[in-house]
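Colleague: This is what each chain is made of:
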Amino acid sequence: DTEVTQTPKHLVMGMTNKKSLKCEQHMGHRAMYWYKQKAKKPPELMFVYSYEKLSINESVPSRFSPECPNSSLLNLHLHALQPEDSALYLCASSRTGFVEKLFFGSGTQLSVL
Amino acid sequence: KNEVEQSPQNLTAQEGEFITINCSYSVGISALHWLQQHPGGGIVSLFMLSSGKKKHGRLIATINIQEKHSSLHITASHPRDSAVYICAVRRGAQGGSEKLVFGKGTKLTVNP
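Protein chains in written order, with the working numbering: chain U, 3 to 115; chain L, -3 to 108.
Hints in this document: simulated from the structure, not taken from any laboratory.
Here the structure is a predicted model, which is why all the values come from computation and not from measurement.
Backbone N, C-alpha and C fix where the C-beta goes; we use that ideal spot for every residue, glycine too.
Hints are not guaranteed to be accurate.
Now the in silico label distances, taken between C-beta atoms and shown as ranges [to be verified]:
(1) L:40 x U:9: 17 to 23 Å
(2) L:76 x U:43: 22 to 28 Å
(3) L:34 x U:30: 23 to 29 Å
(4) U:65 x L:12: 28 to 34 Å
(5) U:41 x L:71: 27 to 33 Å
(6) L:52 x U:113: 33 to 39 Å
(7) L:105 x U:103: 42 to 48 Å
(8) U:14 x L:88: 36 to 42 Å
In silico DMTMM-like pairs for lysine to aspartate or glutamate, Cα to Cα no more than 20 Å straight-line [said to hold, decoys possible]:
(9) U:42 x U:87
(10) L:103 x L:77
(11) L:95 x U:54
(12) L:95 x U:60
(13) U:103 x U:54
(14) U:42 x L:1
(15) L:50 x U:102
(16) L:51 x U:102
(17) L:100 x U:60
(18) L:49 x U:102
(19) U:21 x U:87
(20) U:11 x U:87
(21) U:43 x L:13
(22) U:42 x L:77
(23) U:103 x L:94
(24) U:21 x U:86
(25) U:42 x U:86
(26) L:95 x U:46
(27) U:11 x U:26
(28) L:100 x U:46
(29) U:40 x L:13
(30) U:43 x U:54
(31) U:42 x L:-1
(32) L:103 x U:46
Isolated chain U, as found in the complex (with noise of 0.2 Å):
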């Protein structure tokens, strides 16, 4: 299994709702990361995860919460987002860091209304 897997595909949600992105891998690896891309844009780094633990966190504001509840998981938390925050959100993961291959989901493209 090489996949990492995004749920959901789309999401819609207004300024005051609170959602979240999932982020699944079976691949055994233990860097895990979240991107935002920005329509004809390259991705931007917002978090990565290393063994379970918060190792970057690229000053992305405080209504973006990320979690890793274990190894193969990551969430990510919304709440009172704004319209300009509508983009493409990539999961990404590697077996250790940067130093590997990456392995890229297909993304939650989320609008806020």
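Since chain U is already given, all that's left is putting chain L on it; use the hints.
Modeller: Coordinates of chain L only, in the frame set by chain U:
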């Protein structure tokens, strides 16, 4: 100036043509990734290289560390190769960690 520059930004080719996409970077790196993103979002890692040349099927990636330049070649291009190709370099960041810095991508369209 971006740390990672790709050229061209857009490329249209006829099926069967040989394609080259270039990536230049201005920082010291430990490795370079070539990624492919199809419409709809999914990103596939094509290559990770730190020296020399790698080949996988019709795809060839080369890197010249001294010249800070990498190329991605596609031989006998096919419409299914149509995608955005992204170059990303791995470099040191604050606190001893590393991060990936992405180029803006090259949008390739291969017409039948």
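Colleague: Given the hinted pair residue 21 (chain U) and residue 86 (chain U), is their Cα-Cα distance within 20 Å?
Modeller: holds (16 Å)
Colleague: Given the proposed pairing of residue 95 (chain L) with residue 46 (chain U), does the C-alpha separation stay at or below 20 Å?
Modeller: holds (11 Å)
Colleague: Quick one, are residue 42 (chain U) and residue 87 (chain U) close enough, alpha carbons at most 20 Å?
Modeller: holds (15 Å)
Colleague: Hey, residue 21 (chain U) versus residue 87 (chain U), does the alpha-carbon distance stay inside 20 Å?
Modeller: holds (13 Å)
Colleague: Starting from residue 51 (chain L), check that the Cα of residue 102 (chain U) is at most 20 Å away, please.
Modeller: holds (18 Å)
Colleague: Hinted pair, alpha-carbon criterion (20 Å max): residue 43 (chain U), residue 54 (chain U). Please report holds or violated.
Modeller: Violated, at roughly 29 Å.
Colleague: Holds or violated: residue 103 (chain L) and residue 46 (chain U), Cα atoms, limit 20 Å.
Modeller: holds (18 Å)
Colleague: Going straight from one Cα to the other, do residue 42 (chain U) and residue 1 (chain L) come out at no more than 20 Å?
Modeller: The hint holds at about 15 Å.
Colleague: Given the hint that residue 103 (chain U) pairs with residue 94 (chain L), test it: the Cα-Cα distance must not exceed 20 Å.
Modeller: holds (14 Å)
Colleague: CA of residue 50 (chain L) to CA of residue 102 (chain U), is that 20 Å or under?
Modeller: holds (16 Å)
Colleague: Evaluate the given range 42 to 48 Å for the C-beta pair formed by residue 105 (chain L) and residue 103 (chain U).
Modeller: violated (27 Å)
Colleague: Is the straight-line distance between the alpha-carbon of residue 100 (chain L) and that of residue 46 (chain U) 20 Å or less?
Modeller: Distance ~11 Å between residue 100 (chain L) and residue 46 (chain U) Cα, so the pair holds.
When held up to the earlier numbered hints, the structure conflicts with 4, 7, 21, 29 and 30 and fits the remainder.
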